[in-house]
Structures are given as C-alpha cells and as structure tokens.
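Chains as they are written, first to last, in the working numbering: chain A, 1 to 384; chain B, 1001 to 1397.
Note that these hints are calculated values from the structure, not bench results. Incorrect hints may appear among the rest.
Not close to chain A: a few residues of chain B, all C-beta gaps over 10 angstroms, as computed [to be verified]: (1) L1097; (2) T1108; (3) P1140; (4) L1192; (5) A1197; (6) T1240; (7) G1241; (8) T1328.
The following label-pair restraints were derived from C-beta to C-beta distances [stated by the list, open to error]: (9) A/R135 <-> B/I1101: 16 to 26 angstroms; (10) A/E23 <-> B/I1101: 48 to 58 angstroms; (11) B/N1173 <-> A/F366: 25 to 35 angstroms; (12) B/R1054 <-> A/T213: 55 to 65 angstroms; (13) B/A1390 <-> A/L235: 34 to 44 angstroms; (14) B/N1386 <-> A/A155: 43 to 53 angstroms; (15) B/L1119 <-> A/D65: 31 to 41 angstroms; (16) A/E15 <-> B/L1219: 39 to 49 angstroms; (17) B/L1219 <-> A/K303: 49 to 59 angstroms; (18) A/S288 <-> B/L1076: 54 to 64 angstroms; (19) A/F63 <-> B/I1101: 49 to 59 angstroms; (20) A/T213 <-> B/I1101: 25 to 35 angstroms; (21) A/F63 <-> B/E1134: 28 to 38 angstroms.
According to the in silico footprint, chain A covers these stretches of chain B (three or more CB under 8 angstroms from chain A) [said to hold, decoys possible]: (22) 1110-1116; (23) 1132-1138; (24) 1354-1363.
Each residue gets a CB set at the ideal place from its N, CA and C atoms; glycine is no exception.
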Amino acid sequence: MSTQQATFVRASMIEASPAPSLERGAASWLRRNLFATPKDSVLTIISLLILAWLVPPAIQWLFIDAAWSGGGRGVCATLSQGGSQPEGWSGACWAFVNAKFAQFLFGRYPLDERWRPALVGILFVLLLVPMLIPRIPYKGLNALLLLGALPVLAAILLPGGWFGLTYVETPLWGGLMVTLVLSFVGIAVSLPLGILLALGRRSNMPVIKMLCTAFIEVIRGVPLITVLFMASVMLPLFLPQGVTFDKFLRALIGVSLFASAYMAEVVRGGLQAIPKGQYEGADSLGLSYWQKMGFIVLPQALKLVIPGIVNTFIGLFKDTSLVSIIGMFDLLGIVRLNFSDTNWASAVTPLTGLIFAGFVFWLFCFGMSRYSGFMERLLDRSQR
Amino acid sequence: MAIGVTNVPERSKSSGSIINDPQVRGIFYQAITIIILAALIYWIVDNTVDNLRRANIASGYDFLRSRAGFDVGQSLISFTSDSTYGRALLVGFINTLLVAITGIITATIIGFLVGIGRLSHNWIIAKLSLAYVEVFRNIPPLLVIFFWYSGVLSILPQARDALALPFDIFLSNRGVAFPRPVAGEGAEYTLLAFIIAIAASVFFTRYARQRQLATGERLPVLWTVLGLIIGLPLITFLVTGAPIGFDVPVAGKFNLTGGSVVGPEFMSLFLALSFYTAAFIAEIVRAGIRGVSKGQTEAAHALGIRPSLTTRLVVVPQAMRIIIPPLTSQYLNLTKNSSLAVAIGYADLVAVGGTILNQTGQSIEVVSIWLIVYLSLSLATSLFMNWYNARMALVER
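So here's chain A without its partners, still in its complex pose:
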C-alpha cells in the first residue's frame, strides 16, 4: 500500500495560525502572571507598593546620596557631627571602603610584603579558572598544581621566614586573604577526611564504626563556636609544656574538623544511594576494599551528592567568619575592626562596611551555588 497515491493526505503542514489576540503580547502576560485572580491582583499591588516604598530610598542611600571619595570621616558626617554633609544627610560611605580596601584584602600584612599574598591570589585565580571550565584540557596537571604546588608555594610565601623573605606572623594576617586561606584549607581537608569518616561509619568493623559515628555525631551536635573555643583553649592543655600551636593553625584545625563531620554525612547519603549490586559486583570481581570503593562506589556516590558537597563548602565559607569571635581578623573581623578607627568613625560607616562585606560573601557563595548547579546539569547530561 503506497501513500503516494493517497492524494487526500497532505504532504506539508498547514501554516500555524497566530495565537488568539487575548493570549499575545504584554497585556496577556500581565493578566496571566500578575492579575490572574482577584487575590493575585491584591498581592501584586501590595508587593508593588512595598517595592516602591523600599527600593527608591535604598538606591538613593546606596548610590545617589553616597559619599564616594574623601580622605576622612568628614565626608561621611553631618555638620553637627563634625563633618561637611548637610544636616539630616544619610548615605553610604563608600569613601571608607575605598580608603580601607587594601586592608580589607590583606589585613595588617606589612605594606612592603603585600606582593606575596597578591601573587598567591593571582596564581590561585589563574589555576582555578581553567579548572572550572570543563572544555579546557590537562585537568590532571591543573589539579596537581592547584592542590599540590600552590599550597606549598603559599606555605612558603605567606608566612615567609625562608629564602630571605621576612617572617610575617599570623596575627598580622587578615581580611579576605584569611577567609580564603581558611576556606581553601578547610575544603581541601574536609573532603578527604569526610570521605574516610563516611566509609568508617559504614564499615563492618565495630570499633571503627563506633569511633567514626561518635566523632560525627558529637561534632554535628555542637555549634562551631564551641569547637573553635575547644581548639583555642583545650588544645594547649592537651599538649606537653612548651609545645605551642599558632592561633591561626588552631582555627584551621577547628574549622576543618567541623566541616569534615558534615561532609561525612553528605557522603554517607551518597554511599547509601548506591545499589547493593554495585558492591556485590565489585566483590565478585575480586577487587580489594579500596579498589572497590575507589573505582566503583565512590565515583558514583560523589557524583550523586555534588549539591550536598557544595552546600557544605558554602557553609564552611560562611562559617569562617566565626573566627573573628576568637580574635582573628578575617574579612568580617577586619571590617569591624575599622569601625573604631577614629579617622573614619561615623554613623553610616558600620552599615556601609557590613554591606560591603556582605556583598563579597554573597558573591562567593552565590558563585559556588551557581557553579554547582551548572556541574550537576553537565554530569546529568553525560550520565544519560
């Protein structure tokens, strides 16, 4: 039976006719998305009113009335407060952020030595960007440089004391540099340690299982600040007389251990989601425990829990701000330290500084969560 003979069958499709005029254009979009029901209309109008009440003053405060340049608190204070602005003025004091920008980046790191953290930072960006773009080759070499060579270089350059570099003690470190070093080390330590803890918790050896479970549950049950207090007051007690740890190192240990307990639970979720057949298949091939985990189970499990892992990273990045409570000057700490600078103290300085710090934190965390979404979609596609 051949269809060529059937002349009543159309060979081509009819041109699609345009949608009814009621379903086209901006008016229809408005009706469908903003004024679909009376309740919707009321909600829309209330939200618009709130936006109109909030957004223009915020823009006015942040940009139009803001003091963009100046050398001291005068530009950010009204006449009665000893400044040059008219009475009743209020606006963001970007001049403060501008003047303190280098300090926000490096803390009280000596001026002449700031090229060292800057160099490490530039190298970090140069190595990280190709690592994050999937199309760029040589991932293995790149990872080796980023996770192997760069930390060694940073450990030499940042504190100094070798190769004729002046020694810069860690209490002088500060700003975004401390935040990033803490997060980088925390991430680099917590992922492998978390995987080990998760494997330990699912182990068949009762002693190992009990130890890992106890560690994970205790750390997850208490706030980070108590872990940091523990690291800063209890650790010196546990060590023999005369052995001291750097405060920065103690904070690093506290943050890393804390994050690894959370990481362990995320990884455990992934391990549980792998069907039993995968484990049994690996066993029947005669693979050893580490071969089974390293080649069969973990690659699948980690892929499943990428969002959870990145969420833990984001949490860790945000948690590094807590070290300002135990007397270190990370980004938030250094911003707050500068509130009390008499040269800049004014009514609007704290708010401006906090908005700046918040924006920097937000940028990093939002970037991480967006990248994880991108990665998830990419892996999802490759799996199909």
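Assemble chain B onto chain A, guided by the hints.
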C-alpha cells in the same frame, strides 16, 4: 583492608594463609586502632594533668557553687553578681532557649510564607521570594547579626527621643520598650478561661473528627475553636471588670521608664536567626510541595474536591512527610547558631560560659557543660521531631 565479608565464614577457609583472612585482618586493624587511641588518650590526659598542676587549677565542678561576680544583661530569672556560677549558666541556658524558641517560631512562619511564595503563579511574588532566599542563604549569619546590631539598631535615636510606634511601643538604641500587662484583682480568671478554652477546643476537634468518620458530617471546627479561644477569655475579662492594666513606657529626660524592654542584643540575634533560617526553611518547603506528584492534585480535582481542600487534605499532609526531617535539622541549626550571641554580648550559654572560662580557667569543665547541653538539646529536638514524623509518616500495610 578487607572488610565487608566478615559474615561469610566459609570464605576464610578457602584462603590459603591467615594473612589473607579478612576476619583476622579486621580484628588486627581494630586492635591497632584501639592501641593507638588508648596511647593518645593516655598522652593527652597525662599532659592535661601536668598542665593543670602547673597552672594551679583544681579540676572538678566545685567552682559552680562559688560567687560569679559579674552581671548579665538580660535574664528571665533573678540574677545578681552575688549569685553562683551555676546560676549564671542556668541564666545562659534559659536565654539560649528563649532566643531559639522565638526564633524557630518566626523562622517557620516566614519560611513557609516565602516557600509557598516561590511556587506562586504570581510572577512578582515568586521573584521576590527567590530574591529573599538567594540573599539570605548566601550571607554568613554572623554578618546578619552585626547588620542588625551595629548597622540598624545602634543608629536608632537615643532613648530620650525614641521613635514612638502605635500601642505605646518605643524604639530606641536601647531596644524595644512595650507596655507590660499588669494583672489586677481577678485576672487569674481570664487565664483560667483561656486554659479551659484550649482544653475545650482540643476535645471539640477530636469529637468533630470522630463524628465525621462516623457520619460524614463536617462540623465547623475552625470557627468554633476561634470563638472558644478568643471569646471565652474575652467574656471573662469583661465580666470580671477588665482587671488587667498596662505599665506603659514613658519617655523621660534621659531614659524610658516603665514597661518591658527587650534589649538590642536579643532583637539583633532574634531577627538575624529568624531571617537567615527562614531562607533555608523556604527551600525545604518548596522542595516538599514540589515533591508531591502532580497526579495527586489532579486526582483530587477529578474527585471534585475544591482547590483549598485539595491543598489542605491532599497536598500538605504528603508534603509534610518530605519537609519534616530537613526541617528538624534547620531547627537544630538555629539553636546552635544562637551561640553566635557571644559576638554581640547577649548572655546565652556560650557567652556566659566564656566569661566563666576566662575568670576561673576551668576550661575542661565549661566545655564539657557546653557539649552536654547542646548534645542533649539536639537529642531532645530530634526525639520530638521523630515522634511527630512517625505520626505523619505514611501508614503502609
């Protein structure tokens, strides 16, 4: 390391050497772990005892009975600098509970509203909710606390020219002052009526449910309960001659006098924790509602159930099953994050403990108290939520 096959005893016979026996190897590794751990603990204890002796610190919990000598800013129970360290820790614990419970309530309300808002068909509501979640989720909670504390609340006017809000509420840099109800003669009857109304509502709701199961007739539960809880105390209140007065704050020359004052420390912590946690709760709620398959809603519509009833009887009960476990961990997070109080000087358990630790040097004891309290709080919350979860869980055959 070979583990994972210890429950298959036949296997060990087949391997030739004892070195390859997984069971033997397992025991060997565990023995090594125990030995290393015991050595480590012995070393730590030895060092600690040595260090404590050198620093002249007596270990033990006797310090809890000595005089504290410091004041705390806000306390629900009476506390002076003559009270003991033990009482100071109790004050801290109560303050932690206070901020945690109020924060959990507010965060849940905001979180559910925003989470539902994200699923709204209304474009502007959905986008506003999305913006809220993305902003608050990606900023450290400590920064939000400072934002309220040194950014907003500290630049409010001085107490003498406090902002006057409706209902005699005053806002100043010393916190929020509001009228305090003062019970007069016969006020206890109103309280009694309120308790009776709650009890009656519970009974009525149960009766209505049994009645519906038996006959299919639906009683107006919501209106009856509302009427009972609002109406009964109100009538009692009016009949007994309105015996409750208000101690109203008055702006004096330098300070507000009268009324109750909630300090800026509590306000900052409470607001920051509520807003921060609400962003996470919103995502959980959204995931929970989207997790109920669309077929459920369509089936309910096909049965002719009204949309509002579909949400209440079909979607929400199923969504709650997905929502509750992660919600529990958010509640725990909020409780743990309340320890950030130490940064702004709100006297919670960690802040009070830190002061005591600095004064007495009893670091091991104080840290152990922190651990015990937070771990038991975690345990209590999980137990309660597990019980609630078990009630909500799917009853399968």
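Right, here's what the structure says about each hint:
The beta carbon of B/L1097 is kept farther than 10 angstroms from every beta carbon of chain A, the shortest such distance being approximately 14 angstroms. Under the 10 angstroms C-beta cut-off, the non-interface status given to B/T1108 relative to chain A holds; the minimum distance is some 20 angstroms. Not every CB of chain A is more than 10 angstroms from the CB of B/P1140 (nearest about 4 angstroms), against its label as outside the interface. Taking the minimum C-beta to C-beta distance to chain A, about 40 angstroms, the non-interface status of B/L1192 holds against the 10 angstroms cut.
Every C-beta of chain A lies more than 10 angstroms from that of B/A1197, the closest at about 31 angstroms, which supports listing it as non-interface. Residue placement check: B/T1240 keeps its beta carbon more than 10 angstroms from all beta carbons of chain A (closest about 40 angstroms). Chain A leaves B/G1241 outside its interface by the beta-carbon criterion, the shortest separation being 41 angstroms against a cut-off of 10 angstroms. The non-interface label for B/T1328 is consistent with chain A: the shortest C-beta to C-beta separation is roughly 13 angstroms, beyond 10 angstroms.
Separation of A/R135 from B/I1101 is about 51 angstroms and departs from the stated range, judged on CB atoms against 16 to 26 angstroms. Checked against the hint of 48 to 58 angstroms, the C-beta distance between A/E23 and B/I1101 comes to roughly 50 angstroms, which is consistent with it. Look at B/N1173 against A/F366: about 32 angstroms separates their beta carbons, and that is inside 25 to 35 angstroms. Roughly 35 angstroms separates the CB atoms of B/R1054 and A/T213, a value that falls outside the hinted 55 to 65 angstroms.
In this structure, B/A1390 and A/L235 meet the distance hint of 34 to 44 angstroms, their C-beta atoms being roughly 41 angstroms apart. Range check, B/N1386 to A/A155: about 46 angstroms between beta-carbon atoms, so the 43 to 53 angstroms window is met. Here the CB-CB span from B/L1119 to A/D65 is close to 38 angstroms, well matched to the stated 31 to 41 angstroms. A hinted range of 39 to 49 angstroms for the beta carbons of A/E15 and B/L1219 is inconsistent with their spacing of about 60 angstroms.
Between B/L1219 and A/K303 the beta carbons are some 53 angstroms apart, a value that agrees with the proposed interval 49 to 59 angstroms. For the pair A/S288 and B/L1076, the beta carbons lie near 59 angstroms from each other, so the given range of 54 to 64 angstroms is met. In this structure the hint that A/F63 and B/I1101 lie 49 to 59 angstroms apart at CB is violated, the actual value being about 40 angstroms. Between A/T213 and B/I1101 the Cβ separation comes to about 29 angstroms, which falls inside the hinted range of 25 to 35 angstroms.
Distance hint check for A/F63 and B/E1134: the Cβ-Cβ separation is about 21 angstroms, which falls outside the suggested range of 28 to 38 angstroms. Coverage of the stretch 1110-1116 of chain B by chain A is violated [criterion: at least 3 residues with CB-CB distance below 8 angstroms; count 0]. A count of 4 residues in the stretch 1132-1138 of chain B with a Cβ less than 8 angstroms from any Cβ of chain A is obtained; the coverage claim is therefore met, three being the minimum. Chain A is given as covering the stretch 1354-1363 of chain B, and this holds because 3 residues of the stretch bring a CB closer than 8 angstroms to a CB of that chain, at least three being needed.
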